[in-house]
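Student: Chains A and B, in that order, give the protein sequences. Residue numbers for the first sequence follow the working numbering, beginning at 1 and rising by one. Residue numbers for the second sequence follow the working numbering, beginning at 392 and rising by one.
It should be emphasised that the hints constitute simulated quantities derived from the structure, not laboratory data. These numbers come from a predicted model, not from an experiment. Accuracy of the hints is not assured; some may be wrong.
[Stated by the list, open to error] Computed, partial: chain A to chain B, Cβ under 8 Å:
#, residue
1, Gly-66
2, Lys-74
3, Tyr-78
4, Lys-237
5, Leu-238
6, Gly-239
7, His-252
8, Glu-258
9, Tyr-325
10, Ser-336
11, Val-340
12, Arg-349
13, Ile-360
14, Leu-361
15, Asp-390
[To be verified] Listed next, the in silico DSSO-like pairs over lysine-lysine satisfying Cα-Cα at most 27 Å (straight line):
#, chain 1, residue 1, chain 2, residue 2
16, A, Lys-232, B, Lys-519
17, B, Lys-559, A, Lys-318
18, A, Lys-232, B, Lys-457
Note that beta-carbon positions come from the ideal geometry of N, C-alpha and C, so glycine has one too.
Listed here are the chains, written in short residue letters.
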Amino acid sequence: MTNKFSDSFEKKLEDTTKLGLEVVRESAEENLMTLSVGPQHPGSGHFRFIIKVDGDYIVYCDPDPGYVHRGEEKMCEYRNFIQNIPHLERPVIHDSTHITYSYSLAVEELLGIDVPRRGQFIRAIASELNRQVYTLYWLAIYGIFLGHSTMFMWPAGDRELFIDLLAALTGARVTHAFNIPGGVRNDIPDGFKEKCLQYISYFEKRLKEYEDIFYNNPLFRQRTENVGILSKENAIKLGVTGSVLRASGIPHDVRKVEPYDVYDEMDFKVQYMKTCDSFARAYVPFLDMRESCHIIRQLLDKMPESGEVRVKLQSNPKGRIGEAYKRVESGRGALSYYIVSDGSSRPYRVKISVGSFRNILALPHLLVGSHLGDMPSIYWALNYWPVEADR
Amino acid sequence: MTSPNNIDDKNSKIKTYESDLPIENSLYNELSSKFQDKVQLLYVKPNRIKVYVESKNIVEVASFLKNELGLDHAESVCGTDYPNENAIEVIYHLSSYSREEIAPIIFALSTKTDRNSSYSPSLLPLFKSVEYHERETYEMLGVYFQGHPRNERFLLPEDWADIPPLRKDFRIKGR
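Please build the complete structure, drawing on both the sequences and the hints.
Tutor: Pasting the structure below:
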């Protein structure tokens with residue numbers, strides 16, 4: 001009996017070592033194996049989850065985030081409303097416009113200021129460009145972990161277009177510190193509109209190619225279709241957000257549900273799917289990119305030709321006593337800030353509620369009962385960014 | 392959508408009540424007609440409501456919010472430390488996916504607990520979505536959620552041996 005067990009265990013050990021996973025030997029009575037995926041595993045990001053497998057099936061999963069916890073919320077209490085901006089964008093540098101967007105909206109409510117109309121448009125343009133940058137980065141990672149190296153090269157290359165545009169607009173490639181309470185830091189440079197339209201036209205053609213080579217690839221479809229089903233009821237129960245929610249058949253997008261700045265003037269559709277599987281979760285961000293191109297064209301078209309881009313603030317502005325809760329739709333779903341002000345120039349309490357943190361709740365739900373081989377396609381389709389979840 | 396037109400004056404408090412908000416006020420009226428003085432309104436702003444309940448009543452009120460008003464998930468759970476009042480406020484930001492007309496609304500349900508023995512009933516049996524948020528609040532503010540199966544470390548290191556870091560008496564070194 002003992003020999004029989006240890007034989008099968010040795011085989012499992014060999015198989016799992018090939019996958020690059022750490023193996024912990026369980027007690028002999030229990031025919032399960034505990035695997036610690038991450039935080040150094042290249043397929044997990046800065047994140048660990050502990051799984052138990054019975055043969056090829058995952059029977060237990062416990063996420064263990066916190067490896068990149070920076071204490072952003074505590075740091076906010078020590079700096080004034082403006083000084084907080086550069087460190088707040090560290091959790092998600094690929095989408096730094098969005099993480100400062102809802103912060104700015106909340107601080108504007110506390111300070112009682114309105115953003116000039118041209119400033120609102122420039123904010124929205126920067127946000128939509130940043131959404132493309134983030135989604136392309138995510139798509140590149142998703143491609144490489146499913147063994148599709150073309151889908152790593154292409155988005156990583158096309159991402160440079162948008163990074164160039166953002167560098168021209170904000171002066172920095174990834175961490176822009178562009179949104180500030182009261183507007184944006186600077187006006188758009190000369191010739192930006194023409195360059196932007198040119199890139200968007202090129203990118204829309206590329207999206208067609210992405211669809212042909214990746215999303216219509218039979219191998220990719222086999223690995224993602226009917227894998228990791230998250231039903232509509234469970235999606236609501238777990239409170240997931242963003243593309244994970246929209247892939248489960250709920251057309252919820254903060255830009256549409258609770259439009260901020262100029263989004264109520266934009267004409268766009270909320271992209272969603274009803275198949276509830278990993279394929280839908282991978283396809284919805286792609287559809288969002290297409291919709292985002294459409295929004296950028298409208299923004300460039302409707303933007304006022306001239307005007308102020310920000311309100312001039314006093315050097316150390318004091319918030320009014322009260323609290324604000326503001327949210328925006330980031331690349332990973334709703335991103336909200338809850339800020340309490342006690343009337344001083346520093347926030348009394350800042351709470352950042354991010355899509356990634358809300359979406360990991362779905363990970364144990366989806367992994368338990370599925371094959372170990374489906375783990376990468378399920379995990380990365382959650383659009384999870386560990387650094388943002390840890391804050 | 393931009394201007395929070397709820398300003399009394401510069402450098403004063405944010406206005407806490409607006410009467411011309413039909414959906415927000417009707418939600419609150421439904422709640423207050425059921426619970427009368429058990430719930431206390433803190434503010435009604437466009438798309439935002441905040442009520443205070445005592446912690447012994449929070450489960451009852453939350454189950455009414457979920458089953459009768461259709462607030463089906465929590466966007467965030469957080470706590471704020473008030474050393475002067477010797478209290479920690481725990482706030483649940485609830486919202487709805489299933490009722491489209493109230494989807495823009497964030498309903499903040501707030502309760503307070505004593506700072507020295509901070510216990511609060513867990514809402515996990517009602518809202519699955521609060522599971523990790525409550526664990527985070529437990530380790531960051533030291534609020535023990537009664538009924539939550541895992542009041543354990545989540546984001547902090549396993550060997551964390553200091554007071555909960557989001558309490559006001561925890562100081563960052565060098566600041």
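Student: Does each hint hold? Answer for all of them.
Tutor: Each hint tested on the structure:
For Gly-66 (chain A), the suggested interface contact is upheld, since its CB lies about 4 Å from the closest CB of chain B, less than 8 Å. Residue-level restraint check for Lys-74 (chain A) holds (minimum Cβ-Cβ distance to chain B is 6 Å; threshold 8 Å). With 8 Å as the threshold, the beta carbon of Tyr-78 (chain A) comes within range of chain B, its nearest partner Cβ sitting at about 5 Å, so the hint holds. The restraint placing Lys-237 (chain A) at the interface with chain B holds, with a minimum CB-CB distance near 5 Å, inside the 8 Å limit.
The restraint placing Leu-238 (chain A) at the interface with chain B holds, with a minimum CB-CB distance near 6 Å, inside the 8 Å limit. This hint holds: Gly-239 (chain A) has a C-beta 3 Å from the nearest C-beta of chain B, less than the 8 Å allowed. The interface hint given for His-252 (chain A) holds, since its Cβ lies 6 Å from the closest Cβ of chain B, which is under the 8 Å cut-off. A least Cβ separation of about 4 Å between Glu-258 (chain A) and chain B falls short of the 8 Å threshold, and the interface hint therefore holds.
Taking 8 Å as the C-beta contact cut-off toward chain B, the hint placing Tyr-325 (chain A) at the interface holds, the least distance being around 6 Å. For Ser-336 (chain A), the suggested interface contact is upheld, since its CB lies about 6 Å from the closest CB of chain B, less than 8 Å. Hint status for Val-340 (chain A) relative to chain B: holds, with the closest Cβ pair at about 6 Å, below 8 Å. Checking Arg-349 (chain A) against chain B: minimum C-beta separation of about 5 Å stays under 8 Å; hint holds.
The interface hint given for Ile-360 (chain A) is met, as the beta carbon of that residue sits about 7 Å from the closest beta carbon of chain B, less than 8 Å. Taken as an interface hint, Leu-361 (chain A) checks out: its beta carbon lies about 6 Å from the nearest beta carbon of chain B, inside 8 Å. Because the smallest distance between the Cβ of Asp-390 (chain A) and any Cβ of chain B comes to about 6 Å, under 8 Å, the interface hint for this residue holds. Taking the CA atoms of Lys-232 (chain A) and Lys-519 (chain B), the gap is near 14 Å; set against the 27 Å cutoff, the hint holds.
The suggested pairing of Lys-559 (chain B) with Lys-318 (chain A) holds, with an alpha-carbon distance near 20 Å, which does not exceed 27 Å. With a CA separation close to 17 Å, the supplied pair Lys-232 (chain A) and Lys-457 (chain B) stays within the 27 Å bound.
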